[in-house]
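Working from the sequences, and respecting the hints, build out all of it.
Every letter in the first sequence is one number past the one before it in the numbering used here, and letter 372, counting from 1, is 372.
Hints are computed from structural coordinates only; laboratory data are not their basis.
Be aware that one or more of the hints could be misleading.
[Stated by the list, open to error] Pairs of lysine to any residue residues, derived as SDA-like cross-links and limited to a Cα-Cα distance of at most 25 Å, are as follows:
no.: 1; residue 1: K36; residue 2: G80
no.: 2; residue 1: K49; residue 2: L82
no.: 3; residue 1: K218; residue 2: I255
[What the hints assert, rightly or not] Beta-carbon label-pair distances, calculated as ranges:
no.: 4; residue 1: E222; residue 2: E93; range: 22 to 30 Å
no.: 5; residue 1: E93; residue 2: A263; range: 26 to 34 Å
no.: 6; residue 1: E222; residue 2: K166; range: 27 to 35 Å
no.: 7; residue 1: K166; residue 2: N417; range: 16 to 24 Å
Remember, it's a predicted structure, so these values are computed and weren't measured experimentally.
Note that the Cβ used here is the ideal one computed from N, Cα and C, for glycine as well.
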Amino acid sequence: MLDPKIIKENPQIIRDMLKARSVDFDLDGLIKSDQKRRELIIKTDELRKKKNQLALDISQKKKMGENPSSILSEMKNISGDLTKLESEQQIIENTYSKLALTIPNLIDETVPIGIDQNANKEIRKWGTIPNFDFKIYDHIDISKDLDLVDLERAAKVAGARFYYLKNDLVRLNQSLIHYGLEFLAKKEYSLIQPPYMINRESMEGAIIADDFEEVIYKIDEEDLYMIGTSEHAMAAMHSKEIIDGKDLPLRYAGISPCFRKEAGAHGRDQKGIFRVHQFDKIEQFVFSRPEDSRNEHEKMLAVSEEFYQNLEIPYRVILLSTGDMGKVSSKTYDIEAWMAGQNTYREIVSCSNCLDYQARRLKIRYRDKTNEDTQYLHTLNSTLIATTRILVSIIENFQTKDGHIRIPQVLQRYMGNQKEI
RNA sequence: GCGGGGAUCGCCUAGCUUGGUAGGGCGUGGGAUUGCUAAUCCCAUGUCAGCAAUGACUCGUGGGUUCAAAUCCCUCUCCCCGCGCCA
1 MLDPKIIKEN
11 PQIIRDMLKA
21 RSVDFDLDGL
31 IKSDQKRREL
41 IIKTDELRKK
51 KNQLALDISQ
61 KKKMGENPSS
71 ILSEMKNISG
81 DLTKLESEQQ
91 IIENTYSKLA
101 LTIPNLIDET
111 VPIGIDQNAN
121 KEIRKWGTIP
131 NFDFKIYDHI
141 DISKDLDLVD
151 LERAAKVAGA
161 RFYYLKNDLV
171 RLNQSLIHYG
181 LEFLAKKEYS
191 LIQPPYMINR
201 ESMEGAIIAD
211 DFEEVIYKID
221 EEDLYMIGTS
231 EHAMAAMHSK
241 EIIDGKDLPL
251 RYAGISPCFR
261 KEAGAHGRDQ
271 KGIFRVHQFD
281 KIEQFVFSRP
291 EDSRNEHEKM
301 LAVSEEFYQN
311 LEIPYRVILL
321 STGDMGKVSS
331 KTYDIEAWMA
341 GQNTYREIVS
351 CSNCLDYQAR
361 RLKIRYRDKT
371 NEDTQYLHTL
381 NSTLIATTRI
391 LVSIIENFQT
401 KDGHIRIPQV
411 LQRYMGNQKE
421 I
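Shown next as structure tokens:
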């Protein structure tokens with residue numbers, strides 16, 4: 001949700017944003033319904049004022065022992081008019097909020113403009129791409145050979161895009177989680193293990209309606225949705241709260257499984273564990289003062305980069321273009337890790353500044369002093385690690401000539417000092 | 001799952017029986033006054049509309065009754081106590 005003031009006073013900014021994102025949106029409808037809405041508010045307020053006055057008169061007369069029947073009939077009329085006006089207002093209010101909830105976020109001026117990923121900008125590269133003097137394999141072949149995943153039985157039991165992790169890969173997955181949590185705890189993030197299912201209201205705070213169908217699983221007959229990431233649960237954590245300014249920024253490290261329908265991904269990454277319906281993820285989530293959010297954004301990116309440097313995984317940082325970016329984000333960096341088996345960089349981290357967009361939906365405000373006006377704060381989120389993708393990268397990048405997998409130095413202590421799988 | 005109690009402003013609370021302008025305290029900020037280890041008093045402190053003056057809304061949610069609902073009736077959600085079931 002955007003600041004209604006911008007829509008009212010400076011619609012050109014919104015028009016530019018919609019064009020840059022190549023998004024089809026009924027802005028005129030939004031502006032019109034907003035106008036109509038304001039007019040109706042003024043009308044109903046006036047009528048209510050009258051009604052309140054009459055109610056007061058009635059109670060006065062009754063106190064004085066007089067008969068209020070003459071006022072009663074007038075009151076009845078006004079109540080009737082008001083009910084009509086209120087239902088009219090409700091309709092307009094629904095139209096307005098439906099549009100207001102689907103309009104995408106504003107775009108940071110540093111974001112490259114373009115229709116798709118071809119307009120993305122590479123910011124930097126880190127690490128040396130491994131050079132192999134033997135024939136290499138992808139993560140599917142290697143993990144089959146070492147008995148580390150069972151995709152066939154997962155397909156039998158749950159369907160495509162599910163997996164059984166097995167043996168040392170289970171331990172490696174847990175090591176990544178353990179190391180990731182220790183890493184963020186040292187940086188003074190509060191560790192959070194959130195609910196894995198949340199209600200509709202909370203989910204709508206974090207994502208836009210179209211995403212429901214594409215990514216979110218719903219629990220039948222319950223007002224519950226499986227989180228697609230702990231971001232959803234952490235964003236809603238402070239909904240409808242007024243946070244004390246001195247507690248900001250709030251930096252959270254969320255650990256949870258993530259559940260995704262992947263409905264729009266038919267045929268892409270069909271094999272293996274790169275794109276799956278369920279994976280573990282540690283997520284950074286920050287609630288910040290508006291003036292600090294750009295700075296916090298860069299910090300989160302730096303934290304994730306440091307993590308991959310420690311894991312010795314070559315990566316590059318990409319600044320997403322307007323056409324490739326999520327609608328909730330104003331600026332997104334992706335980190336793409338080298339995957340030797342595919343001979344390319346693939347997305348592992350997405351790091352976004354959502355400005356006050358989510359905060360407005362979720363009504364998360366702050367103030368420094370209790371007599372001050374409340375202000376919407378800014379929310380930011382970044383992957384630290386989505387484990388399955390890093391497992392792919394580790395398996396492929398660290399494969400050895402004799403068909404094993406070298407375990408990155410920093411993870412060895414979490415695997416009983418084992419050096420190889 | 002059953003029985004009982006509850007949800008009021010950032011926090012604590014009064015009001016509900018008997019319908020008629022939601023009051024007080026704490027905290028925080030501003031101001032005033034007096035100056036013996038500090039005290040007292042006043043104002044402000046949710047949301048929306050409005051340039052403003054103002055006005056409207058807000059008592060967990062959604063309905064209903066009524067001229068009028070925090071208050072009466074119904075639905076749902078959540079919390080607490082007891083019982084039951086349970087990894």
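Tested hints:
1. K36 with G80: holds (21 Å)
2. K49 with L82: Holds, because 11 Å separates the two Cα atoms, which is no more than 25 Å.
3. K218 with I255: holds (21 Å)
4. E222 with E93: 22 to 30 Å: Given about 27 Å between the Cβ atoms, the range holds.
5. E93 with A263: 26 to 34 Å: Between E93 and A263, where Cβ atoms are some 31 Å apart, the hint holds.
6. E222 with K166: 27 to 35 Å: Distance hint for E222, K166 holds at roughly 33 Å.
7. K166 with N417: 16 to 24 Å: holds (21 Å)
Violated hints are absent here; each numbered hint is respected by the structure.
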